[in-house]
Amino acid sequence: DTGVSQDPRHKITKRGQNVTFRCDPISEHNRLYWYRQTLGQGPEFLTYFQNEAQLEKSRLLSDRFSAERPKGSFSTLEIQRTEQGDSAMYLCASSRGLREQYFGPGTRLTVT
Amino acid sequence: AQRVTQPEKLLSVFKGAPVELKCNYSYSGSPELFWYVQYSRQRLQLLLRHISRESIKGFTADLNKGETSFHLKKPFAQEEDSAMYYCALTMDTGRRALTFGSGTRLQVQP
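The listed protein sequences derive, respectively, from chains A and B.
Residue numbers for the first sequence, in this note's numbering: 188 to 299.
Residue numbers for the second sequence, in this note's numbering: 483 to 592.
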């Protein structure tokens, strides 16, 4: 097991386009978290899943954002009609229950 | 709402000097506190958590509920300690989403 993986690692898109990111957690980790990190700041919580159920969404997650974890394994985060303010590093983390969260390498989004 | 404050964006010390990275939090309940570290070109990883009371890579952190602080300390800094350090908390519920501070960059000079 190589840990949490995220794809793509970098994404450049034009304002108004839709983008989708994927996160593959560590196998057997039932919890999956999404965070966003902007320059000079720590990661900020967006949403999390326990198995396939999305249990909480942050106020940061506007209507343009949607996340899924259809089979309780990988997860996708989609941003519709991207804005320049969406430019950030999007981090995924997974955990087994309430134990330590393991982070992925992140997807860096640049909206031009 | 919970909040984590790391007052220093950059801390520069010489090799062998003591290090203290400050972290203060605000939360009305009983949080669990963590220190995460991110070395250059690596992913964020857990350094230590207050409930384990471990010393990892020579670092220790004591939770002071009276001062609502969780400062990270190391008596003798090493060059390989140079990294970005984030303090984080999670609430005493099943939620477990982390609230991070803005981070402190530690530079250890030779």
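None of these hints come from the bench; they were simulated from the model.
Possibly wrong hints are sitting among the right ones.
Simulated crosslink set (SDA-like; lysine to any residue; CA at most 20 Å straight-line) [said to hold, decoys possible]:
#1 A:Lys244 x B:Arg578
#2 B:Lys539 x A:Gln228
#3 B:Lys491 x A:Gln228
#4 A:Lys244 x B:Met573
#5 A:Lys198 x B:Arg523
#6 A:Lys198 x B:Arg525
#7 B:Lys491 x A:Val298
#8 B:Lys539 x A:Asn217
#9 B:Lys547 x B:Ser534
We went through each hint and held it up to the structure:
Distance hint between Lys244 of chain A and Arg578 of chain B is fulfilled; the C-alpha atoms sit about 13 Å from each other, no more than 20 Å. About 25 Å separates the Cα atoms of Lys539 of chain B and Gln228 of chain A, which puts this hinted pair outside 20 Å; it is violated. Taking the CA atoms of Lys491 of chain B and Gln228 of chain A, the gap is near 10 Å; set against the 20 Å cutoff, the hint holds. Proximity of Lys244 of chain A to Met573 of chain B is assessed by CA-CA distance (about 16 Å); at most 20 Å being required, the pair is judged to hold.
In summary, the hint linking Lys198 of chain A to Arg523 of chain B is supported, as the alpha carbons are separated by about 18 Å, within the 20 Å threshold. With a C-alpha separation of about 18 Å, the suggested pairing of Lys198 of chain A with Arg525 of chain B holds against the 20 Å cut-off. For the proposed pair Lys491 of chain B and Val298 of chain A, the alpha carbon gap of about 26 Å is over 20 Å, so the pair is violated. At roughly 29 Å between alpha-carbon atoms, Lys539 of chain B and Asn217 of chain A are farther apart than 20 Å, so this suggested pair is violated.
Note on Lys547 of chain B and Ser534 of chain B: the hinted pairing holds, with a Cα-Cα distance of about 16 Å set against a maximum of 20 Å.
In summary, the numbered hints that this structure violates are 2, 7, 8.
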